[in-house]
Amino acid sequence: MPALQEPWRGTLDTFLNYLTIERNFSGNTRESYLNDLGRYLAHLQGQQVKPEEATPDHIRQFIEELHDIGLEASSVARNISAIRSYHKFLLAERIAQANPAENIHQPKLARTLPSVLTVEEMMALLEAPLRRHPPGSFMLRDKAMLELLYATGIRVSELIGLGKLNLYLDEGFIRVFGKGSKERLVPVGRNATKWLKRYLEELRPGMVSATSKDVLFLNSRGGKLSRMSAWNIVRQHAIIAGIEKPISPHTFRHSFATHLLEGGADLRAVQEMLGHSSIIATQIYTHIDRSFVKEVHRTFHPRG
Numbered sequence: 001m002p003a004l005q006e007p008w009r010g011t012l013d014t015f016l017n018y019l020t021i022e023r024n025f026s027g028n029t030r031e032s033y034l035n036d037l038g039r040y041l042a043h044l045q046g047q048q049v050k051p052e053e054a055t056p057d058h059i060r061q062f063i064e065e066l067h068d069i070g071l072e073a074s075s076v077a078r079n080i081s082a083i084r085s086y087h088k089f090l091l092a093e094r095i096a097q098a099n100p101a102e103n104i105h106q107p108k109l110a111r112t113l114p115s116v117l118t119v120e121e122m123m124a125l126l127e128a129p130l131r132r133h134p135p136g137s138f139m140l141r142d143k144a145m146l147e148l149l150y151a152t153g154i155r156v157s158e159l160i161g162l163g164k165l166n167l168y169l170d171e172g173f174i175r176v177f178g179k180g181s182k183e184r185l186v187p188v189g190r191n192a193t194k195w196l197k198r199y200l201e202e203l204r205p206g207m208v209s210a211t212s213k214d215v216l217f218l219n220s221r222g223g224k225l226s227r228m229s230a231w232n233i234v235r236q237h238a239i240i241a242g243i244e245k246p247i248s249p250h251t252f253r254h255s256f257a258t259h260l261l262e263g264g265a266d267l268r269a270v271q272e273m274l275g276h277s278s279i280i281a282t283q284i285y286t287h288i289d290r291s292f293v294k295e296v297h298r299t300f301h302p303r304g
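Residue 1 is where the sequence shown starts when you use the UniProt record's numbering, and the numbers rise one by one after that.
These are calculated hints, taken from the structure and not from any lab test. Just so we're clear, the structure is a prediction, and the values are computed from it rather than from any experiment. Incorrect hints may appear among the rest.
[What the hints assert, rightly or not] Lysine-lysine pairs mimicking DSSO-like chemistry, simulated, CA-CA at most 27 Å apart: (1) K182 to K88; (2) K213 to K245; (3) K197 to K182; (4) K213 to K224; (5) K194 to K213; (6) K194 to K164; (7) K224 to K197; (8) K164 to K88; (9) K197 to K245; (10) K182 to K213.
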């Protein structure tokens, strides 16, 4: 992607500052807007079309290019959402006299169900650090991390963003900052608490550096664990556990919600723990385990 020049660069920077300062968007969300809009503005720049001069046809042409390079429908929809927000901002700030994206509609997305582990698969995955590592290595960190992901259902960005001051282990909670920097308290179970305390007492003191004193999960150099490192840790232990289905840190979140609901948890309580602003986002987990639904129907329906 070519480097953006003025006025394309200036309007992008102004919009990103608005997202960060006034909308309180997280760094990850800001980065997503930067990537999507950077590609769009490079397209306009290549045609020498200023942002305030863009038309619906320019946007449709860009969307066609996204389809041509094989971008998934969900990614195209995310790009369109970013473009609509950007042009709406330009109109509100009177940088442009019209919003060319106003009538650009997002593609309809098929509702896909997230990948979920069975309870047996999850138990095998949680035991994998004990099988992978020799005593005194990173076993305590990896074990604490996996236990915490399953105990709380937090996002990977929330996991790596945790600091020691976010832990209230004696009270059984952690304090999490989610999307839009929204704060919530999430319960932590006994097993996760036990392994977190062991990691904090036995391993972390020897890993911490001057720049990571409050960071909870550390890498081998004493720095903050990255998203990719967290993904690799999960995948490596999945292989040890013999799990062949696709898996990522987010699989813990899906499994956490599904297992709670299958156990009879209240939907709104799960919504609060996940940090969903709408219960609609949580309801997808009520449709995952078809065998469970069939068993409920067979047990309780008069003609089951």
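*asked:* Between the alpha carbons of K197 and K245, is the straight-line distance 27 Å or under?
replied: At roughly 31 Å apart (the allowed maximum being 27 Å), K245 and K197 break the hint.
Checklist entry - K182 and K213: Cα distance at most 27 Å? => result Since the Cα atoms of K182 and K213 sit roughly 24 Å apart, the hinted pair holds (cutoff 27 Å).
Need the status of pair K164, K88: alpha-carbon distance at most 27 Å? violated, 40 Å
**Asked** Holds or violated: are the alpha carbons of K224 and K197 at most 27 Å from each other?
**Response** With Cα atoms ~19 Å apart, K224 and K197 stay inside 27 Å; holds.
Q. Is K194 within 27 Å of K213, Cα to Cα?
A. Satisfied, since the Cα-Cα distance of roughly 21 Å is no more than 27 Å.
> Is K213 within 27 Å of K245, Cα to Cα?
Replying inline: violated, 36 Å
Is the hinted pair K182 and K88 satisfied, with a Cα-Cα distance of at most 27 Å?
Judged against 27 Å, a Cα distance of about 24 Å means the pair holds.
Between the alpha carbons of K197 and K182, is the straight-line distance 27 Å or under?
holds, 26 Å
Task: Agreement of K213 and K224 with the hint, judged by alpha carbon distance not exceeding 27 Å - done: holds, 10 Å
Discussion item. With the threshold set at 27 Å, check whether the alpha-carbon distance from K194 to K164 stays at or below it.
Written reply: holds, 15 Å
Of the numbered hints given earlier, the model fails hints 2, 8 and 9; all others are met.
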